[in-house]
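Student: Please build the complex by placing chains B and C on the supplied structure of chain A, with the hints as guidance.
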Amino acid sequence: QCSLDSVMDRKIKDVLNSLEYSPSPISKKLSCASVKSQGRLSSCPAGMAVTGCACGYGCGSWDVQLETTCHCQCSVVDWTTTHCCHLT
Amino acid sequence: QCSLDSVMDRKIKDVLNSLEYSPSPISKKLSCASVKSQGRLSSCPAGMAVTGCACGYGCGSWDVQLETTCHCQCSVVDWTTTHCCHLT
Amino acid sequence: QCSLDSVMDRKIKDVLNSLEYSPSPISKKLSCASVKSQGRLSSCPAGMAVTGCACGYGCGSWDVQLETTCHCQCSVVDWTTTHCCHLT
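Protein chains in written order, with my numbering: chain A, 899 to 986; chain B, 899 to 986; chain C, 899 to 986.
Isolated chain A, as found in the complex:
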């Protein structure tokens, strides 16, 4: 078919594609993963943000450094886990 209607249809979709328009950008999801390291520091992979930290020896005192690294503060800590999330 080559009606004006179908030509316009194709043309509109071409322009949207050229703008990298995606029909459903709404389907973003939160995805999370953990990284466990020995010692009192552990970091997220690039592009992920820390949402929480866990520490060995039952320790619940931690802080986040540079938005990507968990630091466990108790005097004795054998491992540190960074829980990391990003949008996919």
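Hints listed in this document are in silico derivations from the structure and should not be mistaken for laboratory results. Hints are supplied without guarantee of correctness; some may be wrong.
Any copy, or any two copies together, can satisfy a pair, since identical chains are not distinguished.
[What the hints assert, rightly or not] Each computed SDA-like pair below joins lysine to any residue, with the alpha-carbon atoms no more than 25 Å apart:
1. Lys934 - Thr986
2. Lys934 - His984
3. Lys927 - Glu965
4. Lys927 - Leu939
5. Lys927 - His969
6. Lys934 - Thr967
Keep in mind the model is a prediction, meaning the values are calculated, not measured.
Tutor: For chains B and C alone, coordinates are given in the frame of chain A:
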């Protein structure tokens, strides 16, 4: 009116609607909630991801299993809370 | 140039602009920050959600109140940190 301009206007909007285009998909928000359970395991509702865990008896040692379940590791733990988030 | 093609091109982009269409609404990112306070309560800034909490004295027992405030539960706690995230 039936100018070429108004016909094209309607046509373009029709195509966008057919693609389920939404003018402001940008208004996504992070929403979170907690689930508290007895014992050392607690899970998020379907569609939500764990961002952190809390444990009874002051315990800060936990891990996340299958992206949806908190597991508290200390030898004595009476409750486990999963903190869960998703996009709304 | 004033071909039918270039006229349609301009027209389509005009309509998209009028709908406040943004070519890359997909570039949303998860951003997080911590707020540390003295005592057993600490709150996120407006618009951010708690993803996890940390407590002084190694305490890992906490709950989230009203989606924005961390409450550390151990009998002795000198500081509370709220870890907060939002989409940017």
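Student: Are the hints correct? Go through all of them and say.
Tutor: To see whether the hints hold, each was checked on the structure:
Only within a single protomer do Lys934 and Thr986 lie at most 25 Å apart by alpha-carbon distance; the minimum there is 22 Å, versus 27 Å between protomers. Taking identical chains as interchangeable, the C-alpha atoms of Lys934 and His984 lie at most 25 Å apart whether they share a chain (17 Å) or sit on different chains (23 Å). Both within a single protomer and between protomers do Lys927 and Glu965 lie at most 25 Å apart by alpha-carbon distance, with minima of 20 Å and 13 Å respectively. Within a single copy, Lys927 and Leu939 get their C-alpha atoms only as close as 28 Å, which misses the 25 Å cut-off; across copies the closest is 24 Å, which meets it.
Taking CA atoms no more than 25 Å apart as the test, Lys927 paired with His969 passes between copies only; the shortest distance there is 23 Å, against 27 Å inside one copy. Both within a single protomer and between protomers do Lys934 and Thr967 lie at most 25 Å apart by alpha-carbon distance, with minima of 11 Å and 16 Å respectively.
Figure legend: structure checked against the earlier numbered hints; every hint is met.
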